[in-house]
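One letter stands for each residue in the lines below.
Number of protein chains: 2
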Amino acid sequence: MKDGTSALQLIGLRGIPSIAAGDDIARIIVDAAAHNAVPLDDGDVLLVAQKIVSRAAGLLVNPADLTPRDEARDLAVKTGKPADVVEAILQESRGVIAHGPNVLITEHVSGCVMANAGLDQSNLPGGVREGAMLALPRDPDGAARDLFVRLGAITGKKVAVVICDSWGRPFRMGTVGFALGVAGMPALVDLRGNEDLNGRPLQASVEALADGLAAAANLVMGQGAEGVPAVIARGLRFPAGDGAAADLLRPIGEDLFR
Amino acid sequence: MKDGTSALQLIGLRGIPSIAAGDDIARIIVDAAAHNAVPLDDGDVLLVAQKIVSRAAGLLVNPADLTPRDEARDLAVKTGKPADVVEAILQESRGVIAHGPNVLITEHVSGCVMANAGLDQSNLPGGVREGAMLALPRDPDGAARDLFVRLGAITGKKVAVVICDSWGRPFRMGTVGFALGVAGMPALVDLRGNEDLNGRPLQASVEALADGLAAAANLVMGQGAEGVPAVIARGLRFPAGDGAAADLLRPIGEDLFR
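Top to bottom, those sequences are chains W and V.
For the first sequence, counting from 1, position 37 maps to 37 in this note's numbering; every step adds exactly one.
For the second sequence, counting from 1, position 168 maps to 168 in this note's numbering; every step adds exactly one.
If you are wondering where the hints come from, they were derived from the structure by calculation, not from laboratory data.
Incorrect hints may appear among the rest.
Same chains, same names: a pair is fine if it fits in one copy or spans any two.
[Unchecked claim] Simulated crosslink set (DMTMM-like; lysine to aspartate or glutamate; CA at most 20 Å straight-line):
1) K158 <-> E130
2) K78 <-> D255
3) K78 <-> D24
4) K78 <-> E254
5) K158 <-> D242
6) K158 <-> D255
7) K78 <-> E130
8) K78 <-> D146
9) K78 <-> D242
10) K157 <-> D42
11) K158 <-> D31
12) K158 <-> D41
13) K157 <-> D74
14) K158 <-> D146
15) K158 <-> D24
Please work from the sequences and hints to get the whole structure.
What follows is the structure, given as structure tokens:
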């Protein structure tokens, strides 16, 4: 490859152990990067799977411990989901957007619109009570910032952080990665001041940089037995600035779909 | 980086000239890859910007030549868009999904739900009449297949093709890349038979592989004066199979948002 060719590398870190509550994932990832001979460096973006952030924070929910409110019982009938699971979803949500067979679309407390408030029975740590679910961080930008600060303290480098999860979408089949939490980099990049190749002003040119990166990382993370919960993005050029995944939330008044 | 580390490279091809109607973009891209010292190889995925596919195919629309139907005049009042531009959008669409200030969300004839049927005044070739717009391929999977076959004929290698565009989304700010056309690889990868790290069956695990790749490539393509209209994805592992972007269209009956 010649100099001047622009290349983005997405490097999956292997050998990260199963994460338990209280683990220092910044230290574990720094060690894994060194062990893989790709030590973290200035300008890297570290993409971390939500599941290990949630596991390290011990974010378990036990629906069987909850008493469903009336709305939960009603939505349980409408969706076919257990009422205690619906109650758990409502406790992680600001409001219900839509529902269908075995799915409830809500606005998670973080502001993200997604299925089932991201509660997941797969990828739980071993030894957890049957029926428990792993919850998303309630303040994912704060979780990203904590990780960004800790990585800086360990390495002395400026390594931006994106906490990634995957979701389904209106109109499209299949899941893609998205940015749940962001720190140390812009989440949105505004290109509207630029011109196109022929000098015409660019249209629709605010890029969801952090979502694009999360979608890219999701390809390397895979899922299941070969899961890679941390990916280094190296070689990406992005403007300075300190954004947040909250910047990616479309205000309700500007949304044609709710 | 150690062997066994999984890495995906996204290599932007520089030096691709401005594309005009009739150009052989397969030949131009093969030459650019060789010139950049990254000749196309088996297992690569070539990600191509829709704009050069459309320019090579001469897909220009001149709204001023069109006579707006009644529905176009009505939607022009509701959106604030010129009636002839609305007529052009309707001619590229199967139906209207939603509208708002200066935006019309339709189902493009390819089945993709997007703003303004993808009609774009930026990135037109030089010398085009003022007001002309570049249209999407009406059969983007067919366009991807033609490019896939032509790349194979030139190189003797199996190089999958994804025609990429970018769009806005419900609930989220900013644009991300998506797969408009696919050939030579699966667009969706079904992981539902797999188990998670603890042996529980995976939930919601059909990955929109081609959309994820397009989102990744969009980060390298950028927009405007530094635009890179072709990106090689190298190092991605994906199952054999021959999919299409049409596989990514959610059937209306399964869609909670229309």
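Identical-chain pair category, K157 with D42, by Cα at 20 Å: Within one copy only: 5 Å inside, 37 Å across.
Identical-chain pair category, K158 with D255, by Cα at 20 Å: Result: close neither inside a copy nor across copies, 35 Å intra and 42 Å inter.
Alpha-carbon proximity context of K158 and E130, limit 20 Å: neither (40 Å within a copy, 47 Å between copies)
Copy assignment of K158 with D24, given that the CA separation must stay at most 20 Å: Result: close within a single copy only, 18 Å intra versus 44 Å inter.
Status of D242 relative to K78 across identical chains (alpha carbons, at most 20 Å): For K78 and D242, the Cα distance exceeds 20 Å both inside one copy (42 Å) and across copies (38 Å).
Copy assignment of K158 with D41, given that the CA separation must stay at most 20 Å: within (7 Å within a copy, 35 Å between copies)
Identical-chain pair category, K157 with D74, by Cα at 20 Å: Intra 51 Å, inter 57 Å, cutoff 20 Å: neither.
Within, between, both or neither: K158, D146 at alpha-carbon 20 Å: Close inside one copy (13 Å), not across copies (45 Å); limit 20 Å.
Homo-oligomer pair classification [E130, K78; C-alpha up to 20 Å]: neither (25 Å within a copy, 53 Å between copies)
Homo-oligomer pair classification [D242, K158; C-alpha up to 20 Å]: Within one copy, since 12 Å is at most 20 Å while 42 Å is not.
Same-copy or cross-copy closeness of K78 to E254 [CA-CA at most 20 Å]: between (29 Å within a copy, 16 Å between copies)
Intra- versus inter-subunit Cα pairing at 20 Å for K78 with D255: Between. Shortest inter-copy distance 16 Å satisfies the 20 Å Cα cut-off; intra-copy 25 Å does not.
Violated hints, listed in ascending order, are 1, 3, 6, 7, 8, 9 and 13; each of the other numbered hints is respected by the structure.
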